[in-house]
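Asker: Required output: the full structure, derived from the provided sequences and hints.
First residue of the sequence shown: 128, per the working numbering; consecutive thereafter.
Among the clues, some could well be false.
To be verified - Cβ-Cβ distance ranges computed for the label pairs, FRET-style:
1. Ala152 - Asn305: 52 to 62 Å
2. Val175 - Pro311: 37 to 47 Å
3. Ala204 - Leu272: 15 to 25 Å
4. Gln285 - Arg260: 46 to 56 Å
5. Gly249 - Leu223: 33 to 43 Å
6. Met283 - Pro163: 10 to 20 Å
The hints are simulated quantities; they were obtained by calculation from the structure and are not laboratory data.
Note that the coordinates shown come from a computational prediction; the quantities given were computed from them, not determined experimentally.
C-beta atoms are modelled at their ideal positions from N, C-alpha and C, and glycine is treated no differently.
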Amino acid sequence: MEIAGERFLKMRGRVVGALGVALVANSAYLAAWSAPTLFYYFNVALHVVLGVGAVGLLLALARRARRWNAGAALVWALVMACAGVGLWLAYVGATLAHQRELDAHGLLAALGALSMAVWCGGAAVRAGTPHARRLAMAGASLLVLAVAVPAIVKPMAQARWRASHAIVSPLTTPLTMNEEGGGPSSPFFPSSART
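Answerer: What follows is the structure in structure tokens.
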């Protein structure tokens, strides 16, 4: 009976790991690019599904945990706080009116990912086998990347958007209507509109 329970925990742990990797990648995309596209909104819906699935499985695993250390308790508290804010946002909508809550959700997720990366790094040091060590270090690296990628990409995307949408005034002011827009030969003269 104990062997079947261990297999169940390992299988569930792998599913949580796969959901976690998908959720981290999805979160990094949502944090880095916020474009009003169908693909973006699909990822918002996927984010809710992945988050609920991962937290549900984590709750089932936590019930079977034998002991907690301070690092695991901190990670758990941050993940649950992030999930709570996320569920509230899924209910009311992640609109501009709830920007502070959305920022809190992102901050809790980043803090949770970084604290989980530190915890995974510690687990890698304590791991008995090379395979377990590699797995824990891969998890730690993935979590650090999940925070670093949006932190680097988002400011670059915002700067590019601002540059492409900047309104540039001419250096000199037109003195007559003949200097406006396309001039007298324009079909819209005396308007300054150009087509």
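Asker: Determine for every hint whether it applies to the structure shown.
Answerer: Results of checking the hints against the structure:
Alanine 152 and asparagine 305 have their C-beta atoms about 57 Å apart, which keeps the hinted 52 to 62 Å range intact. Look at valine 175 against proline 311: about 58 Å separates their beta carbons, and that is not inside 37 to 47 Å. One distance hint, 15 to 25 Å for the beta-carbon pair alanine 204 and leucine 272, holds here, with the actual separation near 23 Å. Distance hint check: the CB atoms of glutamine 285 and arginine 260 are about 38 Å apart, inconsistent with the given range 46 to 56 Å.
The hint said 33 to 43 Å for the Cβ distance between glycine 249 and leucine 223, and at roughly 39 Å that hint holds. As the Cβ distance of methionine 283 to proline 163 is approximately 19 Å, the hint placing it in 10 to 20 Å holds.
In this structure, the earlier hints numbered 2 and 4 are contradicted, and the remaining ones agree with it.
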